[in-house]
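Participant: This is what each chain is made of:
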Amino acid sequence: MTVEAKKDASQERQKAMIAEHFNKLSRAKEDGRKVVYTFVPGNLTELLANFDLLPVLPEINALQSGMRGKTGDYIHLAEKSGHSEDVCTYVKADIGMLKSGNIGPTGEKLPPPDLLLLSYTGCFTFLKWFELLREEYDCPVVMLHTPYQGDGKITEEMRQYVAGQIRNVLIPELEKLSGKKFDEDRLREDLKRSAKAEDDLVWVLESARHKPSPIDAYFGGVYYIGPIFTSFRGSQDAVEYYELLRGEIEERIKLGLGPVTPDGVLNEEKYRVVVEGPPNWTSFREFWKMFYGEGAVVVASSYTKVGGLYDRGFRHNPDQPIETLADYCMGCYTNLNLPDRIKLLENYINDYQADGFLINSVKSCNSFSAGQLLILRELEKRTGRAGGFIESDLVDPRYFSAANIKNRLESYFQMIEAKRGKA
Amino acid sequence: MTIAAPAETATGRLGELIARAERLYEDLDFKAVAEWKSKDKTRRAIGFLPVYVPREVIHAAGGLPVGIMGGGDQTEIVRGDSYFQSYICHLPRSVIELLVSGRLDAMDGFLFPSICDVIRNLSGMFKLLKPDKYVHYFDLPQNFQRGLGGRFYGHEMREVATAVGRMTGIEPTDDRLRESIRVYNLNRKAIAELLKLRVDKPWLVPATEYYLVLRAGYMLPVEEHTALLNEYVQLVKDSGRRPMDNIRVMVRGAFCEQPPLALLRTLERAGCYLVDDDFVVGTRLVHGQVAEQGDPWDALADAFMHHSLPTPSVYDERHTKGELLVRKAREVRADGVLLMAPSFCDPALLDQPMLQTALEKAGIPFTSFKYSEDTGQFQVIREQAGTFADAIKLWGTV
Ligand code: SF4
Ligand code: SF4
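So the sequences go chain by chain: A and W.
Going by the working numbering, 218 is the number at position 218 of the first sequence; the sequence numbering is gapless.
Going by the working numbering, 1302 is the number at position 302 of the second sequence; the sequence numbering is gapless.
You may find that some hints are simply not true.
Chain W residues, not near chain A, derived (Cβ > 10 Å throughout) [said to hold, decoys possible]:
| id | residue |
| --- | --- |
| 1 | Arg1020 |
| 2 | Ser1038 |
| 3 | Arg1120 |
| 4 | Thr1168 |
| 5 | Lys1201 |
| 6 | Ala1227 |
| 7 | Glu1231 |
| 8 | Ala1299 |
| 9 | Asp1351 |
| 10 | Gly1396 |
List time: in silico DSBU-like cross-link candidates among lysine-lysine, alpha-carbon distance up to 30 Å [unchecked claim]:
| id | chain 1 | residue 1 | chain 2 | residue 2 |
| --- | --- | --- | --- | --- |
| 11 | W | Lys1201 | A | Lys80 |
| 12 | A | Lys343 | W | Lys1130 |
| 13 | W | Lys1237 | W | Lys1201 |
Keep in mind the hints are simulated off the structure, nothing from the lab.
All C-beta atoms in this analysis are idealised placements derived from N, C-alpha and C, irrespective of residue type, glycine included.
With these hints in hand, go ahead and build the complete structure from the sequences.
Facilitator: What follows is the structure, encoded as structure tokens:
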């Protein structure tokens, strides 16, 4: 079903970008560069770049540790030191990593933060996470309160509140930390580049409308969102990465190729599904294989929107540099209310002509998980398509039961077949 | 070990008062609210979820704020479980149970304060399940500057007041809001008296009674609640109840999902006086008195931003949660602290390691356990609390 695996140029490019970033981090102290820890959803990468600050994203460290099989021990360590088994494992993986010497994904030691930028877009646990880190590090914290879209919109009051905090709280603090003046022109230039890369990312994500889809918008998608969701948005590197990626996907469409998987190209697209919820990282490949092994391709996912809903039209706008950052912060997927999340998934199912949808409910994450059973029911009702529900975790290997998940997925794909038979 | 006077032993007028509070507590059909509404057809009730909303703004618009604290241990969960995975706390499933079984029908609207992702997402579920009702996620500020968080919060409060005013036909003017602040100030004063009495003479105020009279404030119009509190305090002062050989403990972590009454009884029977806690904390989150002069919206915003108790949901900029806990423990002369949190409650459970560090540093004994609103087995907790109490009695530490 699949043919030879080879790394695309875009993948190599991304790897090099990441390596360079971690290299910079490991040299931060000697180079006199300041380090800011902050979170992915609603991150203010362009603003940090404005002051030549280097971001560290603890969730990315946690997921990378998960992929490298380290989080079982890290979580154990955190639980031994008094953390409850009930709470988000990203936090515990991070605390465990810290207690084990803070060695980052590339094997180099991560520098401690000079500032914790606490924007808890879409998740309250972020707030607790940095309260906990604050106990470990002697550094200032800046709170950036991002209101939730409870009523399904960003109001002018919300925008002014966030923009006001960026202008009057965050920027002065970043100036103080870096000793540099805020440069609005530079921000505009960076935002222009952000928008350009965002255009290409959207193009890539929407390529999944093709049949067969040239991409997997979940398992493959997590790589595609990498640069733009993390430390590279606004950089020339990111622009070039997305140009390269887009070129590769254009080529795949021309050739009628399916997505690239760890075992090569998937050439027979049997099922098109939409996925809600984050993936599991500790058994990422095994999990992915349960899909491509059955010929299932994920054509759209909500997880690839946690760092921005670009495919619904948002672009960083250089003409309103601060307000656009505020809108970005509030616009991420988990900052949408439940009815809007359902609407978005419903649209995906229709727009991408999916056979059905799957929810991967992760134990760690109340932000995603609370309400997912209602999402399941509503989507089944509204679309009439097959809905599936599986449970795992992000980085706690104890909660990934391969046999169980595989069984469920197999029955799910049979359900799609059965629905097809009836149609 | 001597047994504390439990609620059921109260007799006479005190017994009647406690029985009334208990009926309100058990009134999960919210009949009392329906009854209140039946007296005037313009009356509207607004349910709010834990932890805190400024009830004054609902009151100013002529509405009755009603606390929805979950289904406790008396709600049979028939459908609620099918809405939530096993690893989510119990409160939302009992709240959904109340909703889908029609027991929240007396409410004309619902407010969901910003405390955690579960309550947040629950607001969206309500929107879907009750599209005809007013459902609003109430975003409390995390920035405490008047011109930023204060302004945003002022706007939120006005929005809610206007929405409630539209239902009642009563305009929430500044004067009306000032009057509501005044009325709630009287309530705060009465609560402060109760809290003080419990610290001074905990044997007069058994934990279950304390809980019931406080909780009654989530059902009754504020004026009635204040009267009830004042009467209760007077009655127990005159009750002649006698001290026992209990230790004095403080409770933290129960700020949202409420422990069952039987759990409070268990703790007391295990030899603990509860001299401070965070049960029904929305009744007294804002402490002290709110300014009755000047701009009432600013007064409420300032009160929340600068005179409220810490909860796990508020980012503590001044880095004082642990310090405040220690200070409070000393102030109420607590012998130890019980860190009890609802199972699967991220905010409370993630707070615990920080609180533990602060307590360790201060040399204050503590023990921790988890509960849920429908916990029915108390054997383990009784032993744990009993051992804790005995150790403190014997050695002054654990
Ligand atoms: S609760 Fe979810 S969004 Fe929040 S930190 Fe954990 S995994 Fe991330
Ligand atoms: S008990 Fe905790 S997790 Fe559950 S709703 Fe309350 S604050 Fe949220």
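Participant: Hint by hint, say whether it matches the structure.
Facilitator: Hint check:
Look at Arg1020(W): its CB is around 35 Å from the nearest CB on chain A, clear of 10 Å, so calling it non-interface holds up. Every C-beta of chain A lies more than 10 Å from that of Ser1038(W), the closest at about 31 Å, which supports listing it as non-interface. Distance check on Arg1120(W): its Cβ comes as close as 6 Å (rounded) to a Cβ of chain A, failing to clear the 10 Å threshold; non-interface status is violated. No beta-carbon of chain A comes within 10 Å of the beta-carbon of Thr1168(W); the shortest separation is about 21 Å.
Annotated as non-interface, Lys1201(W) keeps its C-beta farther than 10 Å from every C-beta of chain A; the closest such distance is 35 Å. No beta-carbon of chain A is positioned within 10 Å of the beta-carbon of Ala1227(W); the least distance is around 35 Å. The claim that Glu1231(W) is not at the interface with chain A holds, since no C-beta of that chain comes within 10 Å of its own (minimum 39 Å). Remark: the non-interface label on Ala1299(W) is consistent with the geometry, its nearest Cβ contact in chain A lying 20 Å away (cut-off 10 Å).
A beta-carbon of chain A comes within 10 Å of the beta-carbon of Asp1351(W); the shortest separation is about 7 Å. For Gly1396(W), the shortest C-beta to C-beta distance to chain A comes to about 23 Å, beyond the 10 Å cut-off, and the non-interface label holds. Between Lys1201(W) and Lys80(A) the alpha-carbon distance is near 39 Å, which puts this suggested pair outside the 30 Å criterion. Taking the CA atoms of Lys343(A) and Lys1130(W), the gap is near 17 Å; set against the 30 Å cutoff, the hint holds.
At most 30 Å may separate the alpha-carbon atoms for a hinted pair to count; Lys1237(W) and Lys1201(W) meet this at roughly 9 Å.
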